[in-house]
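A.B. asks: One letter stands for each residue in the lines below.
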Amino acid sequence: MLDWLWIVPVVPLVSFLMLVLFGSRLSKRGVASIGVGSIGISAFITIFIAYTFITSSTTGYQFSQVLWMWISVAGFTPQIAFYLDPLSLIFMLVITIVGFLIHLYAAEYMADEDGYSRFFAYMNLFIGAMLILVMGDNLLLLYLGWEGVGLCSYLLIGFWYKDPQNGYAARKAFVVTRVGDTAMAVGLFILYSALGTMHIQTILSQAVAQWAVGSTLAIIIAALLLGGAVGKSAQLPLQTWLPDAMAGPTPVSALIHAATMVTAGVYLIARMNVLFTLAPVVQLMVAIVGAVTLLLAGFSALVQTDIKRVLAYSTISQIGYMFMALGVGAWAAGIFHFMTHAFFKALLFMGAGTIIIALHHEQNMFKMGGLKKLLPVTYWTFLAGAASLVALPLVTAGFYSKDMILWYSWVSEKGAWWLWAAGLLGAFMTAVYTFRMVFITFYGDAKTAVHHSPGKRMEIPLIILAVLSLIGGFLDLPHNLGHITVFSDFIQQVLPAVRIHEVESSVETFFQVISSLVAIGGIFIAYLLYLKNPGYIQKLSQVPIIALLKKYWFSGWGFDWLYNHLFVFPFLWLARINKRDFIDSGYTGIAWINRKANEWLVQTQTGNVRWYAMGIAFGAVATLLLIVVLL
Amino acid sequence: MISIAVAHGLILAAILFVLGLIGLLVRRNIVFILMSIEIMFNAAGVAFVLGGSRWMQADGQVMFIFILAVAAAELSIGLALILQIYQRTKTLDTNALSKMRG
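Residue numbers (my numbering), protein chains in the order written: chain D, 1368 to 1998; chain G, 5 to 106.
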């Protein structure tokens, strides 16, 4: 069964080719059955592989499948080979299963749009590239998938390309992630020149053998890889592209900009964990980047009016939690949060999409309201996702994963109290902005009429993901609450366990109570401000300092303004003053001399035969003279 | 046999050649230009014959006969072209025939 591994990424790629070649001739029903069915087959095979992989003890929790030699030149021999271990298996499961549910949802969501087959072609290509990213057994193959998902992200953000604004958002996403990708490529070059291989497992074992902890080379490489990770995962300082990426269709936001692609940075850091352990400075940077990002994005999410932008900032913030977990060495916690986040954030995005389509492409939350009665299934599933996002204690998946991160952010040997405090403040804000969204959207008076009620294909994925958002956390329960460590044990086959300070188990309970109270308190404050006394928030925003702060947060802490003034405008200015590229003047000068010489010589072409004859005669005389004089 | 100094012969050839060249440059009628070219051919032929007699070899005379044959061939083609040109343009003035300007 494990030999079927190669089929998993190939099915979406074949389906992509079919849709590209024949998509325009197929009916919408045909396109949907190919586009959704292919991901279904992938998910089905992945589940079977997972079952075989987990139950068969002979594999030693790793399996490698070499398909063919990709390149062979001067000892550089990357192969097309897939590597299966607990880390890649969890990513594969999330990508294919959540991906399948989102495709199913999209089949109805996009039904009235032009370019239906184009949409599914891109989506299938994305799933194929993402699977290559997580399954590649060498960094070159990983990089292929990495760029592939970046391309699909670009294509899908700009899916409605007729609006120039969407094209701008797509280019912005592509260019900003390119900054990180360049750093990552340089990191890969250095890694190859240092170790002479791209094979991930060889790199990991050789790195430990050759480099001491804190050696310069390890720090440089880890820092460059971190650059790639923050670009892809929209972390500080390259987070500015993700809110604008919401220009794409909502299923795209759910699949690429919430569940899978933006967590590629988390995958990269977890996959190369040995390098980050060898570079403690960089690992601390990972934690700090995560902590700062989760706070900044949390504040920005607090004041957004567009429901998708709230979710976008929330995604940045939650990935910040994952980075913080990776930074303190709680690898399993980071991956666990990735999984639960994929469930509830995909659910929230698809719930938001249902509302948006029901209200005829209205994204402003303040024009929604009163949808609790009108869209009951959406309301209850959205509520489940929101509860999981704010980590409502005991009953939601988000609680167990986020609590694990908060706990380790302090007690891990690499943790610190201020990381925990940042996480706790972030959790509070998560609760406030999430339930602000819920209250504004679903309660109060209906402000826009409902045009379109979601059908089965939109509701079933919502319900499945709602169930997963609630029970997905029971895979791993803390010591004092059941003590189930299925997930941690599984992931620790490949990632090192977190090393913690010795503490009493009652302390852990105390921490859990604090974070639970914070989450519930946040919900209560959102209730007070946005449901009970909506007038109070109006009065509050009259205060000049708060109004200013609100404007500042609304624009994402002014990072766009800063980058525009720091990079974009100087570049445009340079481009403008150097419109006639001065380096080119050498080449254009040669062309100019030739043209002038031509114009001058053309004068002699009179068409008069005797003139030519005289030219020949004088030429002959001159030549003779030269010979006589020189010899 | 009266021997003529080589220098005298060469001066004759040079005068003939320059005469032909001047004719080529100053006449505007194509027929006269062609005749001037013939004079230049013959000037070259005189030089060849002189060379042959100077070194007592037949090569110079062979070359002159060869030049005569080439000149005849060239002349027949040239005259045919002149006839064509005259039929088409009703003129033999080269200044008027400057259509083939580059």
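Just so you know, these hints were derived from the structure itself, not from any lab.
Among the clues, some could well be false.
Not close to chain G: a few residues of chain D, all C-beta gaps over 10 Å, as computed [to be verified]:
| # | residue |
| --- | --- |
| 1 | 1906 |
| 2 | 1907 |
| 3 | 1954 |
| 4 | 1976 |
Computed Cβ-Cβ distance ranges for the label pairs, DEER-style [said to hold, decoys possible]:
| # | chain 1 | residue 1 | chain 2 | residue 2 | range |
| --- | --- | --- | --- | --- | --- |
| 5 | G | 85 | D | 1955 | 15 to 23 Å |
| 6 | D | 1986 | G | 92 | 26 to 34 Å |
| 7 | D | 1984 | G | 63 | 22 to 30 Å |
| 8 | G | 84 | D | 1986 | 52 to 60 Å |
| 9 | D | 1970 | G | 61 | 42 to 50 Å |
| 10 | G | 31 | D | 1952 | 16 to 24 Å |
| 11 | G | 92 | D | 1947 | 16 to 24 Å |
| 12 | G | 92 | D | 1952 | 46 to 54 Å |
Glycine included, every Cβ here is placed at the ideal spot set by N, Cα and C.
A.B. asks: Compare the structure with each hint and give your call.
C.D. replies: Now for the hints, and whether the structure bears them out:
With a closest Cβ-Cβ approach of about 87 Å to chain G, residue 1906 of chain D is found to remain outside the 10 Å limit, as its non-interface label requires. Consistency note on residue 1907 of chain D: stated as away from chain G, and its beta-carbon is indeed over 10 Å from all of that chain's, at 85 Å minimum. With a least beta-carbon separation of about 27 Å from chain G, residue 1954 of chain D lies farther than 10 Å from that chain, consistent with its non-interface assignment. Remark: the non-interface label on residue 1976 of chain D conflicts with the geometry, its nearest Cβ contact in chain G lying 5 Å away (cut-off 10 Å).
The given range of 15 to 23 Å is broken by residue 85 of chain G and residue 1955 of chain D, whose C-beta atoms sit roughly 45 Å from each other. Under the hint 26 to 34 Å, the C-beta atoms of residue 1986 of chain D and residue 92 of chain G, about 31 Å apart, fit the expected range. For residue 1984 of chain D and residue 63 of chain G, the Cβ-Cβ distance of about 28 Å falls inside the hinted range of 22 to 30 Å, so the restraint holds. For the hinted restraint 52 to 60 Å between residue 84 of chain G and residue 1986 of chain D, the CB-CB distance of approximately 29 Å leaves it violated.
Between residue 1970 of chain D and residue 61 of chain G the C-beta distance comes to about 48 Å, which sits within the given range of 42 to 50 Å. About 51 Å separates the C-beta atoms of residue 31 of chain G and residue 1952 of chain D, a value inconsistent with the hinted range of 16 to 24 Å. Range check, residue 92 of chain G to residue 1947 of chain D: Cβ separation about 50 Å, and the 16 to 24 Å hint is violated. In this structure the hint that residue 92 of chain G and residue 1952 of chain D lie 46 to 54 Å apart at CB holds, the actual value being about 50 Å.
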